[in-house]
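Asker: Sequence:
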Amino acid sequence: MQGSSKMILIKSGIAFVAISLAVIVGWKFGVSTQQITEGVEYVQSFGVWSVVVFCLVYVTLVCLSFPSSIFNIAAGILFGFAIALPVALACGLAAAVSTFLISRHFIHDFISDKIEKTKNGSQLLSLINKHTAKFIIMLRLNPFIPAVVKNYGLGVTNIRLFTYVWATLLGQLPLTTLYVYLGWIGGHSMLNTENTPDTANWLVLGVGGIISIMTLLISKYYVSMWLEDTKTQQE
Numbered sequence: 001m002q003g004s005s006k007m008i009l010i011k012s013g014i015a016f017v018a019i020s021l022a023v024i025v026g027w028k029f030g031v032s033t034q035q036i037t038e039g040v041e042y043v044q045s046f047g048v049w050s051v052v053v054f055c056l057v058y059v060t061l062v063c064l065s066f067p068s069s070i071f072n073i074a075a076g077i078l079f080g081f082a083i084a085l086p087v088a089l090a091c092g093l094a095a096a097v098s099t100f101l102i103s104r105h106f107i108h109d110f111i112s113d114k115i116e117k118t119k120n121g122s123q124l125l126s127l128i129n130k131h132t133a134k135f136i137i138m139l140r141l142n143p144f145i146p147a148v149v150k151n152y153g154l155g156v157t158n159i160r161l162f163t164y165v166w167a168t169l170l171g172q173l174p175l176t177t178l179y180v181y182l183g184w185i186g187g188h189s190m191l192n193t194e195n196t197p198d199t200a201n202w203l204v205l206g207v208g209g210i211i212s213i214m215t216l217l218i219s220k221y222y223v224s225m226w227l228e229d230t231k232t233q234q235e
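The sequence shown begins at 1 in the UniProt record's numbering and counts up by one.
Among the hints, a few may not be true.
[Claimed, not checked] The calculated DSS-like cross-link candidates involving lysine-lysine, where the alpha carbons are at most 25 Å apart (straight line), are:
#1 K150 / K114
#2 K114 / K130
#3 K130 / K150
#4 K114 / K134
#5 K134 / K150
[Claimed, not checked] Here are the simulated distance ranges between beta carbons:
#6 N158 / S65: 22 to 30 Å
#7 H108 / Q44: 35 to 43 Å
#8 T163 / F46: 19 to 27 Å
#9 G47 / T163: 31 to 39 Å
To be clear, the hints were calculated from the coordinates, so they are not data collected in a lab.
We put the beta carbon where it would ideally sit given N, CA and C, even for glycine.
Build the full structure now, drawing on both the sequences and the hints.
Answerer: Take a look at the structure:
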C-alpha cells in the first residue's frame with residue numbers, strides 16, 4: 001500500500017506540474033497575447049449570451065468525451081474566477097447528469113456488460129451500491145479517470161439521481177476550482193502584462209495542487225479498502 005501510495009503521489013505531482021507548465025508555456029510561447037485577447041473578445045461579444053454559448057459548447061463536447069479540465073481552464077480565462085467557478089461547476093454538473101441519464105435509460109445494458117467484463121467490475125458495482133455517496137465523491141476526486149467514464153459508468157447503478165447530483169457537485173469542487181484558478185491567473189498574466197499575478201496567487205495554486213494530490217491519495221486508500229472488503233464478503 002505504501003509503494004502504491006508513493007507512486008500515485010509521484011504521478012499526481014508530475015501530472016499537476018505538467019498541466020501547469022503546459023498551460024503557462026502555451027500561453028507564453030505557443031499562443032500570442034493578441035490571439036488570447038481576440039478569443040476572449042469574440043466570446044464576450046455575445047454579451048449576456050456568452051455564458052450560455054460557452055455552457056452549450058462545454059456540455060455538448062464533454063458528453064462526447066472531451067476532457068472537462070480544458071473547459072474549466074478556459075472558463076477561468078474568459079470570465080474571471082468569481083464568475084467562472086459557478087459556471088464551470090454548473091456546466092460540469094449538467095454534463096454529468098446528461099451522460100448519467102443517457103447511460104441509465106438508453107445504453108444501460110451495453111455499459112453494464114462492459115463494466116462486468118473488466119477487472120473488479122462486479123466488485124465495483126457492489127461497492128457503489130454499498131457506499132453510494134462516498135464512492136461518487138472519491139471517484140470525482142481522481143483526475144486520472146475521465147469524467148465521461150465516471151458519468152456513463154455510474155448510470156448503470158441503482159444510485160438515486162438526487163444522491164448522484166449532490167455527491168457529484170461536492171466531489172468535483174476541488175479539481176474544478178483548481179483548474180479555473182489556473183486558467184484565471186494564467187489568462188490574467190497574458191492579458192495584463194503590466195499587472196501580473198503576485199506570489200500569493202501562485203502560492204494559492206500550489207497549495208491547491210498539494211491538497212488535490214492529498215485528496216486523491218485518501219480516495220485511493222478508501223476505495224482500495226472497500227474493494228478488499230467486498231472481495232472478502234463475496235468469497
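Asker: Please go over all the hints and tell whether each is borne out by the structure.
Answerer: Going down the list of hints, with the structure as the test:
1. K150 / K114: Holds, at about 13 Å.
2. K114 / K130: Distance ~20 Å between K114 and K130 Cα, so the pair holds.
3. K130 / K150: holds, 17 Å
4. K114 / K134: This hinted pair holds, its Cα atoms lying about 23 Å apart.
5. K134 / K150: Roughly 14 Å between the alpha carbons, so the hint for K134 and K150 holds.
6. N158 / S65: 22 to 30 Å: holds, 25 Å
7. H108 / Q44: 35 to 43 Å: Because 41 Å falls inside the window, the suggested range holds.
8. T163 / F46: 19 to 27 Å: 35 Å Cβ-Cβ, so the 19 to 27 Å window is violated.
9. G47 / T163: 31 to 39 Å: Given about 37 Å between the Cβ atoms, the range holds.
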